[in-house]
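Make a model of the complete structure from these sequences and hints.
In the order they appear, the protein sequences are chains A and B. Residue 138 in our numbering sits at position 138 of the first sequence; the count goes up by one each step and never skips. Remember, our numbering sits 1000 above the position in the second sequence when you count from 1.
Careful, some of the hints might be misleading.
So the derived label-pair ranges between C-beta atoms look like this [claimed, not checked]:
(1) A:M146 <-> B:V1276: 44 to 50 Å
(2) A:A222 <-> B:F1412: 36 to 42 Å
(3) A:P35 <-> B:E1137: 27 to 33 Å
(4) A:R40 <-> B:A1075: 31 to 37 Å
(5) A:E23 <-> B:E1074: 42 to 48 Å
If you're looking for bench data, these hints aren't it; they were derived computationally from the structure. Fair warning: this is a prediction, and the values are worked out from it, not measured in the lab. Backbone N, C-alpha and C fix where the C-beta goes; we use that ideal spot for every residue, glycine too.
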Amino acid sequence: MHNFEFVKPSTVADAVQALAAEEAQPLSGGQTLIPSMKARLNAPEVLVSLMGIAEMQGIRHEGDMLEVGAATTHARVATEAAAAFPGLAGLAAQIGDPAVRNRGTLGGSLANNDPSACYPAAALGTGAVIVTNAREIAADDFFLGMFTTALDEDEIITSVRFPIPQKSAYGKFLQPASRFALTGVFVAKYADGVRVAVTGASENGVFRWSEAEAALASDFSAEALSGLSCPADDMIADLHGSAAYRAHLVAVMTRRAVVAAS
Amino acid sequence: MPKDDGIGASTKRREDTRFLTGNGKYTDDINLRGQAYVHFLRSDVAHGRITSIDSTAAEAMDGVLKVFTAADFEAAGGLPCGWQVTDRHGQPMQEPKHPILAEGKVRHVGDPIAAVVAETYEQARDAAEAIEVDIEELEAVVDMVEALEEGATKVHDDLSSNLCYDWGFVEENKDAVNEAFDKAAHVVSLELTNNRLVANPMEPRVAVGDYDPWGDSHTLYTTSQNPHVIRLLMGAFVLNIPEHKLRVVAPDVGGGFGSKIYHYAEEAFCTYAAKVLKRPVKWTSSRAEAFISDAHGRDHKTKIDLALDADHNFMAIRTETYANMGAYLSTFAPSIPTWLHGTLMAGNYRTPLIYVNVKAVFTNTVPVDAYRGAGRPEATFQLERLIDKAARELGVDPIALRRQNFIKADQFPYQTPVAVVYDTGNYDATMDKMLDLADYANFDKRVEESKARGKLRGFGIAHYIEACGIAPSNLVGQLGARAGLYESASVRVNATGSISVYTGSHSHGQGHETTFAQVVAEMIGVDANSIEIHHGDTSNTPMGMGTYGSRSLAVGGSAIVKATNKVIDKAKKIAAHLLEAAPEDIELKDGKFSVAGTDKSVDWSGVTLAAYVPHNYPLEDLEPGLEETAFYDPSNFTFPSGAYGCEIELDPETGKIDVLRFIAADDFGNIVNPMIVEGQVHGGLAQGIGQALLENCVYDDQGQLLSGSYMDYAMPRADDVRGFVVDHSCVTPCTHNPLGVKGCGEAGAIGSPPAVVNAAIDALHRAGHTHVTHIDMPLTPARVWAAMQA
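Written out as structure tokens, the structure is:
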């Protein structure tokens, strides 16, 4: 790891200011950034920790909305969101291992937008609002492809507002080595429709499976999905599975998520 | 008194106290005054010609002491190979030079090009980034079959081809084997891959070189399973340092699985650089480096045929294997696919004719050498998969087919057609035991239970034979070994009766300090806590060969027994003098010497004190002191065997396999510490199941390692390996070592992969997927699903 300056501001405003420095990068839970720095693939001059900012911490339940501070760890979401939004808590509980869950954060995961990460499926699968220091971004506009988001340079996610669904669940099939999602599907049923978001499968990162959403809107059951298959065209093919296998898993894990949510 | 800690007791591992409390002393815990750090600049291309190396900028950087390249090692030898295989035509194998730092060419990703020594590790790494290396990239040789094609790019320009050797065994049997196939009523064939693995011990490799101008002597601290072997190879062949000026210390070692047997470039580098710089030089491998510099394991491609007569008796076996050597010959690489593989192809069966052909191939990949089991898992996998396939094709029960062809209990000693003589075994007994523990009789009910939940259940069987404690030395010398395969022990009894045992074996997790102490405690009848086991330092242990091939108790333990018997013989003479009796009348029981038929006795410490304070002592006939050394060279291998049963559930929607239960019924001969044996089997099973379901070392066609980290190389986790049932109550003692022990370290990794794969095929066939006759390991969900779709 190369040497770097480390700052830990206590307000969002100070963090934004610190990030204006040359070669500065925000550090949240560090579950991706720190390993890449250790491997010398990333060498920021200044690391701006977002973990000391009180307003970015914690979970707030208001009516049918759950707002999660961007620097809240997966472990906190897994326990503290369990009553209000069990689907989200269940997803958080499946991320990584206890060490990862105790460090990794919601905002870090969404900003990184790893194509195999779990949280993007929850954000897109609920139509969440990504709140930054500058604006609010709808999840549908936020994820722009593998490791790419709508965030501007030095823009910080401060919280995420999840509309709480009537029913929801995350179906995750583990990549055997990393235990990221080889394919993960978040299914959420609302009064006005169903959202299905798929992670781990596509070359373009998290996406909505609109055919499944349509089928489930009228009949929220595994049977409603029978015969439905996801095209393999843009699917990831690697050591752990072909494009066809991932496309197949999308259908399987969607069904399982629907069963789990029902 | 020794009943709690003698032979047969599940004594808790004494070494675990220090390991679990952070008091272990591993090589990386050794930090010497004035120590500098080395970082190796490694090739990021698989094959290329080095056109220039400019380290001017790097040398000028902060903290940099020196940048080394191959030019600094012109006087040094290459890393030697410890086994020379002779090919089918009587010619020696092709043996390329393996330089410490790349000379002219790089031959695999990870091949070290230059080494930077600096005041700190980070400075060394920074400087390595400033070295300018021009490499003219060459076509990478990755696929073994393509590597042998006419006109293939050569990994080594000075060799005639990429073929290391073409070995036939037993070559004289080849025609008879082919004739048997012509006459056979049934021929069953299988093509399979034994997947390449990375050993991944918990402790990465570390080396600390130190030079002492006072005595012009060198010390190397290293993560080794056999420090004497490293001293011999590095001193005599690489750096030209005589043994009396070279000390090699391997302190606590955190796992090896074979990968820490070999002499590596980093060891020679640190030893040499310490003298050049007059500073201790330390190297600690990162996990990423371990993937591209530790020797890999397995990587065979095989076609195997079995000939059966009309009554389903095995008539002949014929195999053709491509074995990957990687870019250079690691220390024992050539012996693995030959003498540790071909000799095992008889398995547990009376197959009269066997012919094994092995083509060892150089490729632009990391060198491949022994990994837990080493050749024997490859043999067992082929055989046990093929027998299962044969049973299916013939429509017979795979258990019955095995039993019909087993070497029966009354047929030992049994001469196989592949040179070895099995001394003892009872394969029906282990099969019976396994089926009983597996509740196999009720398996069909469990299939139905799974079916009701939409899952496919399968049961797979494998029976294995292992050859441990490879020996005797004169025979292995004829087979090409460039080392002896004995073991040494010194038993030093101290004046007050406590005992220091120095063994040439080396524990890298096996619990020798506990087990060896139990043996000596049992023999003398003293408290095991009065016995200390020392290993790992060439300056205080007699020349030993170390630990691998499940040899430590069978060979090292036997040396300890020999030395202890010498001690007891002498102690009896001292006791006879003290008791004024004839030595032949002296009996040793529970740490007390007595005169047979009398109540006259002297205890152990009375004798040991007399040995060192020889006031009342037969000085005319006997030297003072009580310390004996013994070397034990076994007359044969030992042959552990066992029946393994694996019960799995397969999710037909995703292809995912869950191991529900794994039953291991082993015959390890006599057992010294049952708890340690059980732990050894657990570890072996975890690695065998890991190979069968998860682990895979994969290169792309450019020779880039695709599975170079735990993000892509799937190690088994605790929740992947559960439901183990381990039994070792079937005992046929080894007939030729004093303890009657056979060795248990590798069995789990040898017997389990075919049991897992057979279970998967069984599950698929029971559910009607009868077109699936084989799936190559690892049986990942994606592969199983793809096989079901085909």
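Hint check results:
Between M146 of chain A and V1276 of chain B the CB atoms are about 48 Å apart, so this pair conforms to the stated range of 44 to 50 Å. Checked against the hint of 36 to 42 Å, the pair A222 of chain A and F1412 of chain B fails, with Cβ atoms roughly 58 Å apart. For the pair P35 of chain A and E1137 of chain B, the supplied restraint of 27 to 33 Å holds, since their beta-carbon distance comes to about 28 Å. Distance hint for R40 of chain A and A1075 of chain B: a CB-CB separation of about 34 Å, consistent with the stated range 31 to 37 Å.
Range check, E23 of chain A to E1074 of chain B: about 43 Å between beta-carbon atoms, so the 42 to 48 Å window is met.
The structure is inconsistent with hint 2 alone, although it conforms to all the rest.
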